[in-house]
Amino acid sequence: MSGSRFEALQSIDRRWIFLALAVAVIAALVVQPVFRDSPGELVVPIFAAIEALAPGTPVLISLDYSPSSAPELEPMAAALTRHCLIRGLPVTYLSLWPTGNHMAGRIVERVIGPEYPDAVEGREWVTLGFQAGGELLVHALLDSLGSRFAADVRGIPLIEIPALAQVTGLNDYGIVVSLSAGTPGLKEWVLYGGDVGAFPLAGGCTGVGAPQFFPYYPRQLLGLMAALKGAAEYEAALNDDYADRVPRVMQATRGMGPQTVAHLVIVAFILLGNAGLFIGERRKRGRR
Amino acid sequence: MKRPTPQILLTGVALILVVAAFMAPPGDGSSGGFAGAVTYADRHFSSWFGILAVFAFLLGGASLLRTHGRRVRERKADWHYSAVTLVSFLAVLIVGFLKLGGPPGLTGDPTDASSWLTTIFDSVLSPLHATLYSLLAFYVASASYRAFRARSLETSVLLGAALIVLLGRIPVGVTLFRFDSLSLWLLKVPNTAGQRALMIGVALGVVALAVRMVLGLERGRGGDGS
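As they're listed, the protein sequences go chains A and B. Going left to right, the first sequence walks through residues 60 to 347 as the working numbering numbers them. Going left to right, the second sequence walks through residues 164 to 389 as the working numbering numbers them.
Don't take each hint at face value.
Stated by the list, open to error - To give an idea of the interface, some chain B residues facing chain A are shown, with a C-beta separation under 10 Å as derived from the structure: (1) R206; (2) S245; (3) M362.
To be verified - Estimated spans, in silico, between C-beta atoms of each pair: (4) L228/B / R74/A: 34 to 42 Å; (5) E174/A / V250/B: 51 to 59 Å; (6) A240/B / E174/A: 47 to 55 Å; (7) Q91/A / A371/B: 21 to 29 Å; (8) V176/B / R74/A: 48 to 56 Å.
No lab work stands behind these hints, which were simulated from the structure alone. Glycine included, each C-beta is placed from N, C-alpha and C at the ideal position.
Kindly generate the complete structure, drawing on both the sequences and the hints.
Rendered as structure tokens:
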């Protein structure tokens, strides 16, 4: 191979990279390979905390994301919802993002409706929806949900909702989980909710956002579901304990196939570029 | 300072909130006196933000209409995009306000499956968001290929960390190389150290900026027009 070919390895046209990635991901979507995961160190504490709650203990899930990050975060919301409904824990959905109302609607439509047809809105779950304010909303909810939410998204007053019978403020929740794609999100929940209140706080975040939350683990965050892998690990924990009550292959586990292939393609191109650099440099040194 | 009122408001509210955050006694603020006022502020100021937010939304909407309306009227460069923005904004606003297709009235659920807003969300917004976000994967792949080159010691460390994290986050990397623990260690130890340094530095900067604003030293606040 001539020196120019090694140099070519260092400057592959980006369109070839795009094409290779597209072909690999489409092939993985068609073939649907399933890679089983196992619950990791960051996810186990969240699963165990929900497992330890007595039936009837309310759980709050804050859906702080939009459709762009839903492929990573929605599987977490779905897995948490399944776990809570199986354990008999009423779920409250709210959101610091304006898109949150519909994100909650999608969980109801895609998970609760088809898989738990006996679940009743208001009893097994309630959607409070979006309110503006970010960190100020979290702060206001510490003492009283009613200070910012007069009713749920259907217009039913909070006092008439059985799922909220035990709830005055955030401290009455067995656990609060923020699934966050940015600001406002998990960071605001840590600083203005978990650190000030007396409730366990856990989180889920996108892959790019994960590094910023590690300083909060494990003292300020009980656990962290990082990216699709975090969701797949939670699904694996559900499959281990409730194999007969949840789908065998859930959303995140299915998504790990294309993600694995995409990562491998990226690694292959990184190695190719470095191989070109390494061999090219050696040839240059040899010529000298 | 030309306008002292905004500065007095800012300083007053900021001081009350700082005192409330550190010293608010328990209760609902009905005890009266300074302690009662501080507690009341701590409990209620954050709720008042909801009222302010409504005005901010109105202001934002009006500003959008004015800015893009002018661009369309004056046929400025790329005015077509402004027209699309205006039409989309008004269409969603009308559909949302009138709760078309879904349960009517002030308390009607906007997320109801039958509402037009849900149709717009599912058929327009979701695919657009998904498409834009998916493109990132392609740019990340291309950027990784170009950036991660072992040209020096520092870039070699970066390359090594990138490969470990990339492989440690997929089942194949975990099974073949057992990179999961190493990847987690990278995130938990070196990453946390760097993140903490960054967070503490930023926090100190924010405190300094807040103090300057409270004292009226920050230019651009208090109506001096800068």
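Structure-based check of all given hints:
Look at R206/B: its Cβ gets to within about 6 Å of chain A, closer than 10 Å, so that hint holds up. Nearest Cβ of chain A to the Cβ of S245/B: about 22 Å, over the 10 Å cut. The hint is violated. For M362/B, the shortest C-beta to C-beta distance to chain A is roughly 6 Å, which falls under 10 Å, so the interface hint holds. A hinted range of 34 to 42 Å for the beta carbons of L228/B and R74/A is consistent with their spacing of about 40 Å.
Separation of E174/A from V250/B is about 39 Å and departs from the stated range, judged on CB atoms against 51 to 59 Å. For A240/B paired with E174/A, a C-beta distance near 52 Å keeps the hint of 47 to 55 Å intact. Our hint of 21 to 29 Å for Q91/A and A371/B is violated, since their Cβ atoms are close to 54 Å apart. A hinted range of 48 to 56 Å for the beta carbons of V176/B and R74/A is consistent with their spacing of about 55 Å.
Comparing the model with each numbered hint stated earlier shows that hints 2, 5 and 7 do not hold.
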